[in-house]
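Trainee: Listed below are the residues making up each chain.
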Amino acid sequence: MPQRTSLIDDRLDGILLNPFLGIPILIAIMFVVFQAVFTWATPAMDFIEASMAWLGGMVTETLPDGLLKSFIADALIGGLGSVIVFLPQIIILFFFILILEESGYLPRAAFLLDKLMSKAGLTGRSFIPLLSSHACAIPGIMATRSIHDIRDRITTIMIAPLMTCSARIPVYTLLIAAFVPEQQVFGFISFRGLILFGMYIIGIIGGLSVSLVMSLFRRDKSEHPLIMELPSYRLPHARNLAIGLGERAMIFMRRITGIIFTVNTLLWVTTTFPGKPEGATGPAIDYSLAGMIGHAIAPVFAPIGFNWQICVALIPGLAAREVAVSALGTVYAVSGSDDAVASQLGSLISSQWSLATALSLMAWYVFAPQCLSTLAVIRRETNSWKMVGVTAGYLFALAYIFAFLTYQIVSRLS
Amino acid sequence: MMYAVIQAVIITAIVAFCAVQMLRRMMPKLSHDLQIRGANALRHAGMPGVAQKLEPVEAKDDGCSSGCGSCKGCALSELKR
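If you're matching them up, the sequences are chains A and B in order. With the working numbering applied, the first sequence covers 8 to 421. With the working numbering applied, the second sequence covers 2 to 82.
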């Protein structure tokens, strides 16, 4: 390594890895990232939303009434349109993650957090898998292969689904935008960005708490020190950033045209058939298969404040978390008389749900394993159905308990 | 009337495609078995060309990206004990 580079590294490390300054700087960096996710993305999101509304209006006016019009307006524009709107936020989030990765800061963040993680029964080696889990739990769980100790690996696998993956962003931002007023704290901090940052922190605290509880039940209390070589600092390459962002955008678009389109189409079938019987007075969706299922399971979720529409959205949402948003878009578009309603899901739910219901759904999404692919990869990585059962069981239990507490407390306070 | 038929055909095709995709994703083994059975039935019915197209493509390489699960954490088998 050239002497000059080494000197620069030492000077930067002196500040960024300082025992007193290191953690506050890390928190400040992450805070700025989530502020930017909310504030920078707004113009692009408004543009996509307006385009979807225009497209929905055009389809409604042009196509004659019938199944095809309902499919395009409710399932495609109402469902997929409500997810595609979050593309700018996902790109901005990954822009910052890629910069941190390229600059050589991420391994230093692992080093900084090693002490904190060891107190929670983890090692610094768990940092990279857990950080990857913020993109998606699947590569995060696969990245645990670099953890040699089986005990640490299993703990990391079990808490990886608690990290706030990018699939949760559409759900969180939909609810935050619908229920949190757009205002500034101290004149320059976006309140919505602050709440989103808080959701990430809650996920991390949840994961570390579960790990701490697991460590209390361990027989082997030995610690495994983290040994790693820190790379030199370097300026991120614009080309590498562009390629990385392009890949993330492609992954998101592939999910929209793949799993989200597939699930949404099947959901549209269940919300449309069987049709409204002659002489029936209620909305058509009440007589559909999805309506019947939603009403049947609604009593189970009533104590946590979920209405039957949310219950319907949770089922396809098991395929992928962000499907719940498109599913809500489809359910409300099918049940509403106005087709344009689908492109304004946020304003619709803010008028129909209580704050307690919205916060309860957010609490549910912090913990619930609403992703079958994650459970499948846990099975593959651990070679054990028991691990899948334990992980899904404790996550669903935590989700229900925290959603229940959130709903009951907020209902009583408001 | 004609429009109703056309839209029913389009919707049926899209829904059938999505149902197959969902089956492949959620129940890969069942989907694989169904493909083999369907291909055999078509071969018996004298349509070997269609049968060959329906037959599932077997993964040839055994790298981590092949989806074969050759590196599925065998080291963790002691967990089962």
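Because the hints were derived from the structure by calculation, they are not lab data. Computed from a predicted model, the values in this text were never measured in an experiment. The reader is advised that the hints may include incorrect statements.
[Said to hold, decoys possible] No more than 25 Å apart at the CA atoms, straight line, and that leaves these computed lysine to any residue pairs for SDA-like:
#: 1; chain 1: A; residue 1: K76; chain 2: A; residue 2: Q351
#: 2; chain 1: B; residue 1: K30; chain 2: B; residue 2: V10
#: 3; chain 1: B; residue 1: K30; chain 2: A; residue 2: S361
#: 4; chain 1: B; residue 1: K30; chain 2: B; residue 2: R44
#: 5; chain 1: A; residue 1: K283; chain 2: B; residue 2: V10
#: 6; chain 1: A; residue 1: K283; chain 2: B; residue 2: I15
#: 7; chain 1: A; residue 1: K76; chain 2: B; residue 2: L35
#: 8; chain 1: B; residue 1: K30; chain 2: A; residue 2: R262
#: 9; chain 1: A; residue 1: K393; chain 2: A; residue 2: D159
#: 10; chain 1: A; residue 1: K76; chain 2: B; residue 2: Q22
#: 11; chain 1: B; residue 1: K30; chain 2: A; residue 2: G396
#: 12; chain 1: A; residue 1: K126; chain 2: A; residue 2: R262
[Claimed, not checked] DEER-style ranges, computed between Cβ atoms:
#: 13; chain 1: A; residue 1: F198; chain 2: B; residue 2: M27; range: 37 to 43 Å
#: 14; chain 1: B; residue 1: M2; chain 2: A; residue 2: G282; range: 16 to 22 Å
#: 15; chain 1: B; residue 1: P29; chain 2: A; residue 2: R226; range: 56 to 62 Å
#: 16; chain 1: B; residue 1: R38; chain 2: A; residue 2: M260; range: 33 to 39 Å
#: 17; chain 1: B; residue 1: E56; chain 2: A; residue 2: W392; range: 25 to 31 Å
#: 18; chain 1: B; residue 1: D34; chain 2: A; residue 2: L412; range: 58 to 64 Å
#: 19; chain 1: A; residue 1: M260; chain 2: B; residue 2: R44; range: 37 to 43 Å
#: 20; chain 1: B; residue 1: P29; chain 2: A; residue 2: A256; range: 23 to 29 Å
#: 21; chain 1: B; residue 1: P29; chain 2: A; residue 2: L19; range: 47 to 53 Å
#: 22; chain 1: B; residue 1: R38; chain 2: A; residue 2: R226; range: 35 to 41 Å
Note that beta-carbon positions come from the ideal geometry of N, C-alpha and C, so glycine has one too.
Trainee: Next step is simple, just say for each hint if it's right about the structure.
Mentor: Status of each hint after checking the structure:
1. A:K76 with A:Q351: holds (18 Å)
2. B:K30 with B:V10: violated (29 Å)
3. B:K30 with A:S361: violated (43 Å)
4. B:K30 with B:R44: holds (21 Å)
5. A:K283 with B:V10: At roughly 22 Å apart (the allowed maximum being 25 Å), V10 of chain B and K283 of chain A satisfy the hint.
6. A:K283 with B:I15: holds (23 Å)
7. A:K76 with B:L35: violated (33 Å)
8. B:K30 with A:R262: holds (22 Å)
9. A:K393 with A:D159: holds (17 Å)
10. A:K76 with B:Q22: holds (23 Å)
11. B:K30 with A:G396: holds (20 Å)
12. A:K126 with A:R262: violated (37 Å)
13. A:F198 with B:M27: 37 to 43 Å: Since F198 of chain A and M27 of chain B have Cβ atoms about 40 Å apart, the given range 37 to 43 Å holds.
14. B:M2 with A:G282: 16 to 22 Å: Holds, since M2 of chain B and G282 of chain A (Cβ atoms, about 19 Å apart) stay within the stated range.
15. B:P29 with A:R226: 56 to 62 Å: Once the Cβ atoms are compared, 38 Å apart, the range 56 to 62 Å for R226 of chain A and P29 of chain B is violated.
16. B:R38 with A:M260: 33 to 39 Å: Roughly 35 Å apart at Cβ, these two residues keep to the hinted range, so it holds.
17. B:E56 with A:W392: 25 to 31 Å: Cβ of E56 of chain B to Cβ of W392 of chain A: about 30 Å, so the range 25 to 31 Å holds.
18. B:D34 with A:L412: 58 to 64 Å: violated (45 Å)
19. A:M260 with B:R44: 37 to 43 Å: holds (38 Å)
20. B:P29 with A:A256: 23 to 29 Å: Holds, at about 28 Å.
21. B:P29 with A:L19: 47 to 53 Å: At roughly 48 Å between Cβ atoms, L19 of chain A and P29 of chain B fall inside 47 to 53 Å, so the hint holds.
22. B:R38 with A:R226: 35 to 41 Å: With a Cβ separation near 49 Å, R38 of chain B and R226 of chain A fall outside 35 to 41 Å, so the hint is violated.
When held up to the earlier numbered hints, the structure conflicts with 2, 3, 7, 12, 15, 18, 22 and fits the remainder.
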